[in-house]
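Visitor: Read off the chains here:
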Amino acid sequence: MSVVELRGVGKRYESGAEIIDALKRVDFSAERGEMVTITGPSGSGKSTMLNLIGLLDEPTEGTVSLQGRNVTDLSEDERTEERRSALGFVFQDFHLLPMLTAVENVELPSMWDTSVDRHDRAVDLLRRVGLGDRLTHTPDELSGGQKQRVAIARSLVNEPEVLLADEPTGNLDQETGGTILDEITRLKNEEDLAVVAITHDEQLVEYADRVVRLVDGVTRP
Amino acid sequence: MRIASLLWRFPSVLMAWRNLGRNRLRTALAALGIVIGVVAICSLGMATVALEQQATAQLGDLTNEVTVSSGPDSDTDGVTEEQVEEMRAIVTDARVIPQKTNATTLEARNGMEARMSVTGVTDASALYDLTEGEAPERLHSGALISNATADRLGLESGDPVEYDGRIYRIRGFIESEHSFGFGGGDLVIPVSGLADQRHYDTVTIIAADGDAAGRIGDRLDTRFNAENDEELRVTTFGNRAQVGGFLDTLSLALLGIGGISLVVASVAILNVMLMSTVERRGEIGVLRAVGIRRGEVLRMILTEATLLGALGGLIGALVSLATGMVLFHVITGDATGALGWASSRYLVYGFGFAVTASVLSGVYPAWKAANESPVEALRG
Chain A
1 MSVVELRGVG
11 KRYESGAEII
21 DALKRVDFSA
31 ERGEMVTITG
41 PSGSGKSTML
51 NLIGLLDEPT
61 EGTVSLQGRN
71 VTDLSEDERT
81 EERRSALGFV
91 FQDFHLLPML
101 TAVENVELPS
111 MWDTSVDRHD
121 RAVDLLRRVG
131 LGDRLTHTPD
141 ELSGGQKQRV
151 AIARSLVNEP
161 EVLLADEPTG
171 NLDQETGGTI
181 LDEITRLKNE
191 EDLAVVAITH
201 DEQLVEYADR
211 VVRLVDGVTR
221 P
Chain B
1 MRIASLLWRF
11 PSVLMAWRNL
21 GRNRLRTALA
31 ALGIVIGVVA
41 ICSLGMATVA
51 LEQQATAQLG
61 DLTNEVTVSS
71 GPDSDTDGVT
81 EEQVEEMRAI
91 VTDARVIPQK
101 TNATTLEARN
111 GMEARMSVTG
121 VTDASALYDL
131 TEGEAPERLH
141 SGALISNATA
151 DRLGLESGDP
161 VEYDGRIYRI
171 RGFIESEHSF
181 GFGGGDLVIP
191 VSGLADQRHY
201 DTVTIIAADG
211 DAAGRIGDRL
221 DTRFNAENDE
231 ELRVTTFGNR
241 AQVGGFLDTL
251 SLALLGIGGI
261 SLVVASVAIL
271 NVMLMSTVER
281 RGEIGVLRAV
291 GIRRGEVLRM
301 ILTEATLLGA
311 LGGLIGALVS
321 LATGMVLFHV
331 ITGDATGALG
341 WASSRYLVYG
351 FGFAVTASVL
361 SGVYPAWKAA
371 NESPVEALRG
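Keeping their order, the protein sequence lines are chains A and B. For the first sequence, counting from 1, position 108 maps to 108 in the UniProt record's numbering; every step adds exactly one. For the second sequence, counting from 1, position 272 maps to 272 in the UniProt record's numbering; every step adds exactly one.
Excised from the complex, chain A in its bound form (with noise of 0.2 Å):
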């Protein structure tokens, strides 16, 4: 059973007279311990359908299904409430919070959630991505690298089934962004996790099992 399952999703913006569609009638599906990545040009409609697998959008047409369950029309409270539990983000500027530490950072999205303790799980995360000496640290006393890591970290601190990924090594060196990646797909494997990346960057492509294509809000082979 797919982790994450779009049919015939489409979504279409209007904005004054002008009508686009972004995303045409799109099939996908990632399975668990797979990393898919999805590439295209610029206006391609990658970032459309990243935020319609995060639940973070609504599709105009098809369906959305989550652990074979129709998320479609979830009321904004409930996509939050999935999110919170089966998804993972990373970001292209990592997006930490400045005024957190690491670990705080990594604890954010159970912070408000006062009946689960995810201290632990942060701490072993964080040493799971080689930043077990920088726990108390702030983002600014972080180099991009570790950012990115710390992102991930807390990404998978609510134990996500699919780990989303926008850009996660556009802001990084080559070298870095390999061992991100190398990272990503170590974690991928022990967690059990499905990958969505987006990206235009040819070495992320190397590390995916899948590639999809997507021009024009239409799916390639």
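By construction, these hints were calculated from the structure, which means they are not laboratory data. All C-beta atoms, glycine included, are put in the ideal place defined by N, C-alpha and C. Be aware that a few hints might be false.
[Unchecked claim] Derived contacts from chain B toward chain A, CB cut-off under 7 Å, selection only: (1) P11; (2) R18; (3) R22; (4) L25; (5) A28; (6) V286; (7) A289; (8) G291; (9) R293; (10) E296; (11) V375.
[What the hints assert, rightly or not] Simulated coverage check for chain A against chain B, where a stretch passes if three residues somewhere in it have a Cβ under 8 Å from a Cβ of chain B: (12) 53-65; (13) 82-90; (14) 101-113.
[Said to hold, decoys possible] Simulated DEER-style distance windows between Cβ atoms: (15) A:G144 / B:M275: 52 to 62 Å; (16) B:E376 / A:A17: 13 to 23 Å; (17) B:G352 / A:E175: 32 to 42 Å.
Please arrange chain B on chain A, whose structure you already have, making use of the hints.
Guide: Chain B only, in chain A's frame:
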């Protein structure tokens, strides 16, 4: 670290506190606006309390007295025994003290003479404050004399004074300042000493306070006088009520001015919160993307506004307390008067207003930040 681990249990407070710490200057300036508003409200409120206390102290006991004398339409040239009895029947909750007055000339051993008023009263202790000696509950023998007169004539306790052919021994001295009311208080002797006067010249009624005095005055006026027939002249001092009314108006006006400055401060907070949430748009998008609920974002930003208000309110209250003590020292001469509830309650009001205004100012920015679509917010 211990504080941080405690705050961890209140994530909204932790996040709010850290966020406020990111731009300390902006936080300090926003809080300063609140401080100024609170100081304005508190010190103006406390100033009116100080003025009111001072005014009350200066008016003294006079305001709770009702004075009754014979009116222009009376058949007798004084207040009759029957009328006094009737007053006692009507006024059960205050002391009714009838007095007879006359004037006399006292001659001292050194040959000095002084013209003075003579008051005959039984219930002297209720009417006069003594600096020395004691006024018996019922004055049947002996005399009280004012300090000023005693000084002038060189009289001491136990010295004899003569009035109407009878000798009285001085048993106490009256605080001179007090007796600027009716009846005088130069020389006070038992009422029997003025037995040749059939009627009382004045009746003083001492009520619990100014309001009670006013009510007693009204009741007596209704009982004894008709519209065109003033049998008895009833005099009350409306002063306290009038002064109080004036001060109430003044304090409302001053609090209004203080309130405006707090409104200005809360607009500043609204502005600061709005700016900082717009700046942190992307960050709030990340929070929403990683599964932070809308209500949690709302609480975080409201807590920021609340902390700003509480911080400004607390500092404002402390500054106001100092200002209030200075005001009390200048106006009433007693700085500790500022600590009394009548005055210190303005500190509580000021703090409460500050927090309320800040929370209200935080509502819109918080709501706006929490309800933005995560996709839009992430775009920055």
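Visitor: Look at each hint and say if it fits the structure.
Guide: Status of each hint after checking the structure:
1. Hint on P11 (chain B) holds. Least Cβ distance to chain A is approximately 4 Å, under the 7 Å limit.
2. Given hint, R18 (chain B) at the interface with chain A, holds; its Cβ is 4 Å from that chain's nearest Cβ, closer than 7 Å.
3. For R22 (chain B), the interface hint holds, the least distance from its beta-carbon to any beta-carbon of chain A being 5 Å, beneath 7 Å.
4. At a threshold of 7 Å, the smallest CB-CB gap from L25 (chain B) to chain A is about 15 Å, leaving the interface hint violated.
5. Interface restraint check for A28 (chain B): the shortest CB-CB distance to chain A comes to about 16 Å, outside 7 Å, so the restraint is violated.
6. Below 7 Å, beta-carbon pairs count as interface contacts, and V286 (chain B) has one with chain A at about 4 Å; its hint therefore holds.
7. With 7 Å as the threshold, the beta carbon of A289 (chain B) comes within range of chain A, its nearest partner Cβ sitting at about 5 Å, so the hint holds.
8. Evaluation of the G291 (chain B) hint against chain A yields a held restraint, the C-beta minimum of about 3 Å falling below 7 Å.
9. Given hint, R293 (chain B) at the interface with chain A, holds; its Cβ is 5 Å from that chain's nearest Cβ, closer than 7 Å.
10. For E296 (chain B), the interface hint holds, since its Cβ comes within 7 Å of a Cβ in chain A; the closest pair sits about 5 Å apart.
11. The restraint placing V375 (chain B) at the interface with chain A holds, with a minimum CB-CB distance near 5 Å, inside the 7 Å limit.
12. For the stretch 53-65 of chain A, the proposed coverage by chain B is satisfied: 3 residues have a C-beta within less than 8 Å of a C-beta in that chain, meeting the threshold of three.
13. Check on the stretch 82-90 of chain A: 6 of its residues sit with their Cβ under 8 Å from a Cβ of chain B, so the three-residue criterion for coverage holds.
14. Counting residues of the stretch 101-113 of chain A whose CB lies closer than 8 Å to any CB of chain B gives 4, which reaches the minimum of 3, so the coverage claim holds.
15. Between G144 (chain A) and M275 (chain B), the C-beta spacing of about 28 Å breaks the proposed range 52 to 62 Å.
16. The hinted window of 13 to 23 Å between E376 (chain B) and A17 (chain A) holds, with their beta carbons roughly 21 Å apart.
17. With their beta carbons about 59 Å apart, G352 (chain B) and E175 (chain A) fall outside the hinted range of 32 to 42 Å.
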